[in-house]
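Colleague: Make the full structure from the sequences, and use the hints.
Chains as they are written, first to last, in my numbering: chain A, 1 to 285; chain B, 286 to 570.
Treat the hints as calculated values from the structure; they're not laboratory data. Just so you know, not all the hints are guaranteed correct.
To be verified - DSSO-like mimics (lysine-lysine), calculated; alpha carbons at most 27 Å apart, straight line:
id: 1; chain 1: B; residue 1: K395; chain 2: B; residue 2: K434
id: 2; chain 1: A; residue 1: K229; chain 2: A; residue 2: K149
id: 3; chain 1: A; residue 1: K22; chain 2: B; residue 2: K307
id: 4; chain 1: B; residue 1: K434; chain 2: B; residue 2: K553
id: 5; chain 1: A; residue 1: K229; chain 2: A; residue 2: K259
id: 6; chain 1: A; residue 1: K110; chain 2: B; residue 2: K395
Since the structure is predicted, the reported quantities are computational estimates derived from the model, not experimental observations.
2 protein chains.
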Amino acid sequence: MKILRTPQEMTAWSTEQAVLNKTIGFVPTMGFFHDGHLALMQRARELADLVVVSLFVNPTQFGPQEDLAAYPRHFDHDQELAASAGVDVLFAPTSEEMYPPGATTTVTVKGDLSNRLCGASRPGHFAGVATVVTKLFNIVRPDLAVFGKKDFQQLAIIRRMTLDLHFGVEIIGHPTVREKDGLAMSSRNAYLEDEDREAALSLSRSLELARTMVANGERDAPSLTVAVKQFILSFSGTAVDYISFVDQFTLAPVAEVNKDTVLALAVKINDRVRLIDNGFVITKS
Amino acid sequence: MKILRTPQEMTAWSTEQAVLNKTIGFVPTMGFFHDGHLALMQRARELADLVVVSLFVNPTQFGPQEDLAAYPRHFDHDQELAASAGVDVLFAPTSEEMYPPGATTTVTVKGDLSNRLCGASRPGHFAGVATVVTKLFNIVRPDLAVFGKKDFQQLAIIRRMTLDLHFGVEIIGHPTVREKDGLAMSSRNAYLEDEDREAALSLSRSLELARTMVANGERDAPSLTVAVKQFILSFSGTAVDYISFVDQFTLAPVAEVNKDTVLALAVKINDRVRLIDNGFVITKS
Chain A
1 MKILRTPQEM TAWSTEQAVL NKTIGFVPTM GFFHDGHLAL MQRARELADL VVVSLFVNPT
61 QFGPQEDLAA YPRHFDHDQE LAASAGVDVL FAPTSEEMYP PGATTTVTVK GDLSNRLCGA
121 SRPGHFAGVA TVVTKLFNIV RPDLAVFGKK DFQQLAIIRR MTLDLHFGVE IIGHPTVREK
181 DGLAMSSRNA YLEDEDREAA LSLSRSLELA RTMVANGERD APSLTVAVKQ FILSFSGTAV
241 DYISFVDQFT LAPVAEVNKD TVLALAVKIN DRVRLIDNGF VITKS
Chain B
286 MKILRTPQEM TAWSTEQAVL NKTIGFVPTM GFFHDGHLAL MQRARELADL VVVSLFVNPT
346 QFGPQEDLAA YPRHFDHDQE LAASAGVDVL FAPTSEEMYP PGATTTVTVK GDLSNRLCGA
406 SRPGHFAGVA TVVTKLFNIV RPDLAVFGKK DFQQLAIIRR MTLDLHFGVE IIGHPTVREK
466 DGLAMSSRNA YLEDEDREAA LSLSRSLELA RTMVANGERD APSLTVAVKQ FILSFSGTAV
526 DYISFVDQFT LAPVAEVNKD TVLALAVKIN DRVRLIDNGF VITKS
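Modeller: Structure follows, in structure tokens:
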């Protein structure tokens with residue numbers, strides 16, 4: 001596995017592969033790999049001739065009060081895991097390389113897709129994501145890119161941006177990978193102490209609760225929201241950021257749930273760790 | 286010369302050329318070709334294996350009170366001129382292809398580069414330019430792109446955007462091509478009636494005036510601005526939008542002119558046609 005540090009080296013490598021007519025599958029990450037990341041890499045491995053993984057903790061997608069400095073990092077371990085997953089190139093640039101001196105260009109996906117859910121709690125977050133993914137697509141020049149469905153709103157925004165700006169990159173959404181107890185895998189789970197674990201499970205268990213209620217005939221989103229809220233708050237140490245039943249494509253809130261409805265959740269655990277999760281309320285057979 | 290109408294066809298062609306290791310030179314235009322456009326095509330012809338010219342009157346760079354509907358169009362003639370200039374592909378998409386239904390993604394170069402000069406008079410104009418050039422770069426995938434220096438602020442913004450977003454496209458600025466009487470070539474010159482012509486010459490003659498004054502030892506930008514303003518207003522039917530002595534890189538106004546100073550002008554002729562022009566005040570030997 002090659003480790004490339006500069007955009008110039010990365011683009012030179014990709015250009016060589018284009019001449020050889022090799023397809024490139026790309027997995028953008030912020031590192032601190034878990035089985036969720038490895039599943040994305042394996043998916044890219046199946047779909048493309050070559051796999052590039054980027055590892056870059058992007059400062060512009062963190063708010064001023066957020067956890068940029070504390071975000072967990074473990075480069076040596078990440079390198080071993082990526083190599084074992086059959087990754088061809090690990091692209092790990094510096095912030096100075098990604099954001100040249102005086103950089104002022106921003107990519108924004110305007111409207112509800114960016115303003116709802118996490119966009120409401122984290123102003124500027126998705127502009128940071130869209131901008132860095134634009135840079136990475138231009139540097140890596142992939143044929144396809146794999147994103148986790150855990151970051152459901154991010155995936156919708158990347159799809160919109162890719163279509164609007166004509167990147168010609170196929171966007172693949174990969175199912176959320178979970179711990180045995182149901183907790184969605186996330187690098188931020190590293191912040192969870194033992195005493196946070198039960199509260200952290202409130203998210204995945206809420207998805208199960210909503211699915212059961214819907215299977216039993218409940219379709220009214222406000223009623224489901226009340227039930228999910230009561231359920232989450234029954235776990236000690238939880239504070240709800242949002243509970244939203246939304247259309248999978250537009251992210252617009254729905255009054256009645258249907259097969260395209262996703263329950264999206266953000267919950268703060270013991271006032272310290274913010275977790276998100278989501279899932280369809282009617283499970284696809 | 287091929288005429289391609291859809292982004293899919295254009296990208297497929299470019300991808301074939303990449304496999305053949307051919308370089309692509311690109312000239313984005315809004316059509317209604319004049320000798321200035323042809324000079325850009327010839328420059329691209331010299332620098333790259335293949336030349337792609339796009340012809341797209343981009344709606345998002347026109348303000349609500351501007352001349353989108355009236356903008357001059359003459360496709361058949363443009364097609365002949367491009368073919369005679371040795372262009373390989375004329376890419377002429379529709380607005381619906383360039384802006385898919387529901388498109389909301391915008392590229393903005395924030396700060397002074399976009400807010401000054403034409404940015405102050407035409408809010409949203411440069412976001413429209415940056416967004417469409419991003420789309421075109423992604424669709425055409427050129428190695429280099431040639432832009433006219435007449436649109437001096439646009440060129441600075443495209444350079445910034447290309448660097449910031451890592452397009453890997455070499456940006457070439459080509460000198461302004463002028464009529465024999467000094468008028469900078471522009472598709473909007475088609476709006477000029479005979480009685481506008483003398484007033485239209487106030488721009489290029491102001492550049493000459495400023496150069497003469499600077500050659501005679503004047504370095505004070507405010508004094509030069511007063512002289513240029515008086516000179517322009519001495520032409521009947523002129524109204525000044527801006528007269529600005531700025532740094533060629535930052536577009537910041539200067540107090541004293543030097544070798545990096547550009548005089549940038551926008552003048553409205555008979556309250557109907559807005560013209561721009563610019564040039565160094567110290568001519569490069």
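Colleague: All the hints need checking, so say for each whether the structure fits it.
Modeller: Here is what the structure says about each hint:
Only pairs whose Cα atoms come within 27 Å are accepted, and K395 of chain B paired with K434 of chain B is accepted, the gap being roughly 21 Å. Of the supplied pair hints, the one linking K229 of chain A and K149 of chain A holds, its CA atoms being roughly 22 Å apart against a limit of 27 Å. With a CA separation close to 17 Å, the supplied pair K22 of chain A and K307 of chain B stays within the 27 Å bound. Taken as a hint, the K434 of chain B and K553 of chain B pair is honoured in the structure, with Cα atoms around 20 Å apart against an allowance of 27 Å.
Taken as a hint, the K229 of chain A and K259 of chain A pair is honoured in the structure, with Cα atoms around 22 Å apart against an allowance of 27 Å. With a CA separation close to 16 Å, the supplied pair K110 of chain A and K395 of chain B stays within the 27 Å bound.
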